Structure formats: C-alpha cells, structure tokens
Amino acid sequence: MNAASANSTLRHIRYVATENPVTLAAFALFTGFVLLALFGPWIAPYDPLASNTAQSLKPPSAQHWFGTDSLGRDILSRIIVAARLDFGIAVSAVAASFAIGAALGSLAGFYGGWADRIIGRIADTIMAFPLFVLAMGIVAALGNTVFNIILATAIINLPFYIRVARAEVNVRRNAGYVEAARLAGNSDLRTLAVHVFPNVLPPMMVQISLNMGWAILNAAGLSFIGLGVRPPQAEWGIMVAEGATYIISGEWWIALFPGAVLMLAVFTFNLLGDGLRDIMDPRTRT
Amino acid sequence: MTRMILQRLAGALPNIVGVVIVTFLLTRALPGDPAAYFAGPSATQEAIEQVRVQLGLDKSLALQFGLYLKDLARGDLGNSLSTGQPVLAEIRARLPASLELTLCGLVFALAIAVPLGVLAATRPGSWVDHLCRVLATAGVSLPTFFTGLLLAYVFYFLLGIAPSPLGRVDVAYSPPATVTGLYLVDSLLAGDLELFWMCAKQLALPSITLGLFVMAPLMRMTRASMLGVLSADFIRTARASGLPRLQVLYAYAFRNALLPIVTTLGMVFSFLLGSNVLVEKVFAWPGIGSYVIEALVASDYAPVQGFVLTMALLYVALNLVIDILYGVIDPRVGVQG
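If you're matching them up, the sequences are chains A and B in order. The letter at position 124 of the first sequence is residue 124 when you use the numbering used here, and the numbering goes up by one with no holes. The letter at position 168 of the second sequence is residue 168 when you use the numbering used here, and the numbering goes up by one with no holes.
Since the hints were derived computationally from the structure, they do not count as laboratory data. The reader is advised that the hints may include incorrect statements.
Facing chain A, from chain B, some residues (calculated, C-beta under 8 Å) [claimed, not checked]: (1) L26; (2) F145; (3) A152; (4) F157; (5) T180; (6) L182; (7) G274; (8) S275; (9) V282; (10) Y301.
Label-pair restraints from in silico Cβ distances [unchecked claim]: (11) B/V297 <-> A/L71: 17 to 27 Å; (12) B/S82 <-> A/N52: 34 to 44 Å; (13) A/P60 <-> B/S299: 46 to 56 Å.
None of the values given here were measured: they were computed from a predicted structure. Glycine is no exception: its CB is placed at the ideal position from the N, C-alpha and C atoms.
Chain A with its partners taken away, still in its complex shape:
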C-alpha cells in the first residue's frame, strides 16, 4: 500500500467514524474490553475465587460495587477476570474457523469440481443442524472442557467462512491479474495464496467481527447449561446461571451484572462489525 492510498484509507476511516459516532463508541468499548482481558487479574479489587461467607449475598455497596454472590465472592472482580476467558474462547474459536474455513473455501472456489462438491457438502451438513444444538452435541460427546467449547464453536462457525471464501475466490479465479500471475509461471497454490487470497481478506474480516459476538454468546450459552467451563472458575455465562436461582427471590445483582456485561460485549462486536462493513464495503450498508 503506498502513501497516497494509505492516506485515503485513513480519511475514509475518519469519515466513517465521524459520520457514525456509534462505531467510534463501539471501538472505545472494544479497547476497554481488550484491556480488561489483558490486565484483568491486576485490575480486579478482590480475589475472584476467595469466598467469604460472612459477606454472602450482599447487594451492591461501596466495598463491593456489583455486590457479592452466594459464597461471598466479589462479583465485580469475577466479571473482570472472566473477560480473559470469554474473549480467549471467542478469539481462538473464530481464529480456528477463519484459518480452516478460509483454506477450505479458497480451495473449493479456486479448483471447483470435486473439491468444491466435497467441501460444500461438509458445510451443508454442518448447516443442516440447528447450530447451538450441534455445539451442545459436540461438547457433550467429546467431553466437558474449555478446549472442546472452542472446538465446537469453531466447527459451527466454519460454514460461514467457507461460503464467504468460496464465493469471493470463485469470482476472482479468472480475473486478468490471476491469468497474468499464472502466465508468469506461478504455481496454482502460489497464485491462490499470494495473488487471490489478499483480495478476499476484507470481506472475511467483516465476517470475523460479526462472528465474534456470536461466538461469545455461544460459549456463554454452553456454560450456562453446564457445559465446558466449570465452577468455581469465573465466566459470564456460568455467573448468570449461578445467579438464576436467586433472581426469583429478588437477589438481582448476581445475574444482572455478568449478564449485562456479556450483552455489552456482544453488542460492541456487532456494532464494530457493522462499522467495519461500512468501511470495507459501503454498498452493502443496511
């Protein structure tokens, strides 16, 4: 990218940011969440696992801003520390789907024929399940671990990446510059990786940011029903589940705060995804 085009991209980003302050706010929130994920254990005012039965079920106060849970653990600290786990699961799952999906989808789109049919069939088979149900089945079958939650989330996201990569590579495979690269003696794989794939990245990036929120929701949903992350570890979905039994008797803070933070995180990613799409491809704006 030369200086002039970098400049124009920057100008476009600035235009989108000022045009849509919501995107700017989403970016600020995103930065906040990333900082929490990175430095959470040092920011948290209390030990997230230390129980103190004398302080159990206390409503929000100056000492415990978000109150304490049934074991007297500080909810704010648990929320802060959980950011790393929730983000970690979502980022690893999305990264895995991206890597595998992009590779499979590009091959399918570039070669067509049998490769396309088999890879398309894999994507269709995954999509034939209600996706959250498939994730439940996978975690239940492979065992109740965080790694399997990541694996399940990666698998159910895979078809989306395969489809985007396939469609984007397919329309480009006979473009002039691809022909030129071939004639210059590049092998098929090199042409695909070096000349075609970089052009496919922008729509894939949009897919990633739209997927991140969904990945977090999925992981939290799985731990809400008791799969994957296990107590006493702090995770937003599990914290909501722990608070669920108390909400009917009026102890609202135990479930409300982790739930609200989870919602905010997903909301941030969705807004960011929309904003990113506006930057990358203004035509698809809805």
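With chain A's structure known, arrange chain B on it following the hints.
Below, chain B alone, put in the same frame as chain A:
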C-alpha cells in the same frame, strides 16, 4: 406441484444422511471407552464387557453403523440411563411443549418484526428507521438466557403481572386433556377458556424471550427486501395509476418482498431451536430442552444423542417446508424446479 415437492424431498436426502452420520460419529467419539461410559461409573469389568457386546461395540465401525441404522429404522434411540425410559417415548411426550414455545416465539417475532421492517422501509432515514436499526442490533446481542431472567425478574418479582416462571401451567390447574399436546389448542378444544388464558399467561414470557432474539434478522431482511421492491418500476406504475397507498404497499410490494423474508426463516429456525434449550432451562419449561439438560448433568448420553438427532431432523423438515412454501408464494420458483 407434487413433482416439485418430490424434488425438494430428494434434495433434502443428503442432509438427512449427513445428519445421521454425524450423530453416529458423535457417540463413537466419546472420550475413553464408550462401554465403560454407558455401563456407569461403578460397573465391574464384567459388566463393561457385557455392555460392550450389548451395544455392539465389539464389532467393526461399519457394522456398528449398520446396527445403528437398524435401530433408528425401528425408532429405537436407546434408553436413558437415569430414568430407564426409552428416549423416543420421552422425546415424543415432551416435544409438543417445545414446539408450542418455538411457534409462539416465532409468531411474536413476526408480529413485531415484519410491520416494523415495512415501516422502516417506507421511511428510510427517519427516526423509525434508526430505531429499528438499533433495536435489531440490540436484539441479536441479547443472551436469551439473560433476557429471560430479566423479564422474569421485572414481570414476576417486581410487577407481579406474570405467573411464576415455572412450567407450562400453574400448579393449581391440571393440564387439558391431551389431543395435540399443545396446551393452547387443547384447552380451546376442551372449551375451557380460563385454562386457555392461564396457559397463555404462562407462555407469554418464554415466547417473548425467544422472539426478541430472532426479531433482528427478520426485521433487517424485511426492511432490505421491501426497500428493493419499493424502488421497482411496477410499484411506480401502481402508484402513478392512483392505487391506494396500502394496496400498493401490501398487495403489490409486500407480496414480492416475501421471498427473501421466507428465506431468512431457515436461519431463524436454527436460532429458535438452539435458544429454545436455554429458554426452557430459565423457565423450567418441560420440553425436550430441559430433558437434555437434565441428561447432560447426569452424563446420560443416549438422550443427548436422541435430542441432537431429533432437532436436526426437525430442522431439515422445517427447511423442506420453507422450500415448498417458496413455490406457493412465488410460482416462478416452481417452474424452474
């Protein structure tokens, strides 16, 4: 018409085959020794061997798959370890509860999302449009289990409007005589309006929770599709001919905008069936979702497998219905087949 339906059925076959293969592989992917797993934690070596032979785990994978298919054909999904009941019977008894909830959630979402989407499309850039956009993004960001709890807290604990969020019918009432298994329909068939009202009140919060989650894609698609149609030439002609506004909007534009909306229904059902499990847990709804959660807690695998298979087949069937609906809504689709 019949030919089209048959063609669609044939088109769904590979999906059904894929679903069956994946569910089979999922059981065989159990960590460690599946026989030991199914025999339970306190089983002796002898008992484990017995279970292995009983489950056919001593045979080759291909042969096991054949046996699995044979069991499926007989409708045998195995027995639950914790209750000893056949999985199929339990799922069949609980499925109507889940279906009622899912359908009510869908109806609620459609009732809100479609009019709002049409409204947003007729006034692009207005405050209605912006509100819809924010609502839509907020809607997909809601963790269903959290919205459910929040609604239960506000409407049951704080306001006292909603009944206690436990089950399909208040403990003081007995459920209606089973005809369809859908309490709303059954209570009407029994002519018991009071019971109908009780069941509807019990259903309201879980359905709204489900509906809120799937509103967003429906609203977005309605808006986008209506925007596209409204700028078409035939709409301009209809307007220029002096047809009433509502007739242009609904009889001309909406009918043509319907196809993409029906397409999104496929994805919407995927969301609905998945989040159904979470909503059932929150509201102690006695459907197949809470059944599978009980099984998961007890590490009881057969119900989980039966549940995944049932849900997937249900989803394939729903997609088939959507495909057939296509031909009904837009005759052009059927001609190309």
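Going down the list of hints, with the structure as the test:
For the restraint placing B/L26 at the interface with chain A, the shortest Cβ-Cβ distance is roughly 4 Å, inside the 8 Å limit, so the hint holds. Annotation: B/F145 was flagged as interfacial toward chain A, and the flag holds, the nearest CB pair being 5 Å apart, inside 8 Å. For B/A152, the suggested interface contact is upheld, since its CB lies about 7 Å from the closest CB of chain A, less than 8 Å. The beta carbon of B/F157 is positioned within 8 Å of a beta carbon in chain A (closest approach about 6 Å), and the interface hint is therefore held.
At about 23 Å, the closest approach between the beta carbon of B/T180 and any beta carbon in chain A exceeds 8 Å, and the interface hint on this residue is violated. Contact between B/L182 and chain A, as hinted, is not supported at the beta carbon level, the nearest pair being about 20 Å apart and thus beyond 8 Å. Given the 8 Å rule on beta carbons, the hint for B/G274 holds: about 3 Å separates it from the nearest Cβ of chain A. At its closest, the beta carbon of B/S275 sits 7 Å from a beta carbon of chain A; the interface hint therefore holds under the 8 Å criterion.
Residue-level restraint check for B/V282 holds (minimum Cβ-Cβ distance to chain A is 7 Å; threshold 8 Å). The beta carbon of B/Y301 comes within 7 Å of a beta carbon in chain A, closer than 8 Å, and the hint placing it at the interface holds. Our hint of 17 to 27 Å for B/V297 and A/L71 holds, since their Cβ atoms are close to 20 Å apart. Distance hint check for B/S82 and A/N52: the Cβ-Cβ separation is about 36 Å, which falls inside the suggested range of 34 to 44 Å.
For the pair A/P60 and B/S299, the beta carbons lie near 37 Å from each other, so the given range of 46 to 56 Å is not met.
Going through the hint list in order, the structure does not satisfy hints 5, 6 and 13.
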